[in-house]
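Fit chains B and C to the given chain A structure using the hints.
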Amino acid sequence: MKQVFCYLSLISLLFITGCHDNTPPKTAAPKAIQVGIIIPIEHPAMDEITQGFEDTLSANLKRPVEFQVMRAQGDINLQRSMILQLQSKNIDLFAPIATQTTEMTASMIKDRPIVGLAALLPDSARTNSQLALVDDEITPTQTIQFIHAIYPEKKQFTIVYSNNDKIDPQVKEAVAAGAALGLQINQRMITALPDLYSVSQSLSPQTEGIIVLKDVLVVSGIATLSKAADDKHIPLITSDDGSVQNGAGFALGVKEYQIGVEGAKVALQILQGTPTTDIPVVKMTHLSVFINKKALALQGQDLSAIQKQADLQHYAIVDVTGDRLGAVK
Amino acid sequence: MTLVKFEHVNLHYPALERPILKDINYTVQKGDCVVVLGANGSGKSSLLKLLDGRYKMNSGKILLHDKDIHTISTCTRAHCIHTLTQNAQDNLFLSLTIFENYQLMIKRQGHDPIDSLADYLHTFNPNLSHKLDVLVARLSGGEQQALALALAVLYPPEILLLDEHTSALDPKTAEHLMALTARIIHERHITALLTTHNVNHALAYGDRILALKEGVVHDCIESDDKKDLTAEALLARCY
Amino acid sequence: MIALLLATLTQSLTLIPLALGINLSYTILRATDMTIDGSFVLGAGVFAQLVTMGFSPYLAFAAALLCGALAGSFTAFLQNGGKVDPLLAGILSSFILYSVNMAIMGRPNINLLTTPTLFSTAFGHGNVLGWLSVALLIGLFVIAFYALLQSRLGLCLRAFGDNAALLSRQGYNVTYLRISGFGLNNLLAAASGAITAQIIGYADIGMGVGMTLVGIGAIILGQHILLPFIKKHYLRAGSELLAAFIGIALYFFILNSLLRLNINPIYLKLLLGVLLALFLRTATQKTRLS
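In order, the protein sequences belong to chains A, B and C. First residue of the first sequence? That's 1 in the numbering used here, and the numbers climb one at a time after it. First residue of the second sequence? That's 1001 in the numbering used here, and the numbers climb one at a time after it. First residue of the third sequence? That's 2001 in the numbering used here, and the numbers climb one at a time after it.
Extracted from the complex, chain A is given alone in its bound form:
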């Protein structure tokens, strides 16, 4: 009996989905532009990008627009299913977030435009599909140069990073950039979060600042480094706003929201008829300096030097002080 029920349920699932597929969504006005956003994994940064994209596109598009947001929960099979599902609907534009999501979309969707957000792909990858790209990469060199501009008198820094192969070349670049400016950058690698405490306790006494790149593992334990920086009265400099909220002094980075904004601008051009091949890869020019006034005070750092350099470079200053300890933005 149970078995009959089970097969029945399978058949009914088939029918429900079959019918469901054919009925157009009730909320959709007939002429609304359909945009499919694919989010590979749950992360606040992904939501910020999505928000920036949706806000900018809805505000500037003359026609109604409807967003279908797909969240793949870090499962590539699920992600593939979602792209196939979007493909079977009448989606006008795809907006995958992150590199591998963009690659998968570009590989599967050839006949509709795609705007890859925060996607690091070579220009050549764009030839077989209608792909436009927004590249969110800031080079470690930019970070090091900015730090040197603020603290021209400091000669020795320590970079703390995890043994992640994505980070490794960036660390090398940072060290090389430092050497070019006459800075000595000591490297301290961690393999797991608990290592962070011993690293924070064994920093060289000559170190005049701690640098952290966009390194998920280290950032997740930023409070440990923040404590060490407070004790030694040296600045803790990171590369994303989240770590500044949680106790780093300041960071040169990109507002995730801004990535979405840039992506929406590209999407607008495409929807107005510009072929994707005519749109160059968008680099992030609107860099922001995230500052945490409380942390800077604890670390004994002067805000004005940072402000002065940020103004000189035309970087926006974003104060995230009040958000410390997990306050929701």
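No lab work stands behind these hints, which were simulated from the structure alone. The reader is advised that the hints may include incorrect statements.
To be verified - Below are the DSSO-like pairs computed for lysine-lysine, each with C-alpha atoms no more than 27 Å apart in a straight line: (1) 155/A <-> 89/A; (2) 2231/C <-> 1131/B; (3) 2083/C <-> 1049/B; (4) 1131/B <-> 2232/C; (5) 89/A <-> 2269/C.
Frame of chain A; chains B and C shown alone:
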């Protein structure tokens, strides 16, 4: 002709104080059917396991054809010694069919297949002959042991080790299988070492009897002495 | 509706070699081989790296298969002498493979969007031709696998899974059999990885996560549904293959269906799990009754 010779064989588990086997000296002649008797834990099975390589002795020597058994390759040893135990899973591949078990047996021996497997199996157990495509796990205990015996002697090994191979069966089936086993090893001149708790079997089918007690040789009964023994007398001598 | 079935079909197709490999390890060798998570990525990574370096896709594919087989042999080697149990050996290997994959790929992600692949010419002539060429390659794997199951080696591998100790006492070389078995199943996983990379357009260091479990789930599902209907024993190899197809297709069918019902993906795995459990329970009851 001497086939197997145990010389000062000792075996003990690290965890146990008492040795499993202590200073065993015994000679098996070709064509003998030696019955090993003894209480549970007396070391009967361990003696057989030393021969087929499942256990390794701590000291002493076992000679097979005057060669140290450790110097003989596992493959060669597998070809001349075959073991049957009371557990079907020690004798047969339970999730394979009768025919597949047969295929595995002939292939490792490098022999040609026999003309009719069904006819061959019929002499061991008539039920088997029409179940060639049935999983061994689905056979009854008696059928499994009969099949195991049939496959074991398909190309007779030099030594057949029978470790209480009938003890999991009902008395009637056990009796039948034991008689069948005895007939086959005599007909085919197979040397056999057989462990059992059944003194009647020991008297009826064994050429010689070796009694073990707490890991040492308690008694050796040669075929001449055996004739006059009653089951009760044997029981008294061996346990 | 047709879109749903097409999605199911195309997704299942690329994972069929993986399902065959898992069938080999789980059903025939009776060991849960977690190496597959790593060798799936290994196949994709080796293929992507070699074609990016300019080697022919055929050569790259062959190299990917070979590397998969080597990874499996390594897992088998770890187990030799029964010192490490198969599950642990597999977990160890997939651990090690993470670093190996990273070293081979040199970066976490290699894109194949414009690189020539085994199927790029066919897909250039249209999707139908493209998918036909994929199906052709998968078909070759299926035929080869079926032939293997029916061969002497196939029988020995089955016997190995049933009772390796007995096989060894019968004089077979179990070390050789273990290496062949684990080598083959990881070769198949690597094939699946390399094919998947060509379809989705990239090789990624994280693409293998959970593949083994999806595969095992799918195969158990397929077998529970199909095997009660198979009474004749000589149909076993064929029915195992069919069970792998049914299982993997049903898995993706349910996944795609739930997705189309607009179920929040957070609960998708929960629902998928409950549905699978429901199927398994009823199917088991049926086997018990018969």
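Verification of the supplied hints:
1. 155/A <-> 89/A: violated (58 Å)
2. 2231/C <-> 1131/B: This hinted pair holds, its Cα atoms lying about 14 Å apart.
3. 2083/C <-> 1049/B: Given pair residue 2083/C, residue 1049/B holds - Cα atoms ~21 Å apart, limit 27 Å.
4. 1131/B <-> 2232/C: Judged against 27 Å, a Cα distance of about 12 Å means the pair holds.
5. 89/A <-> 2269/C: Distance of about 23 Å is within 27 Å: holds.
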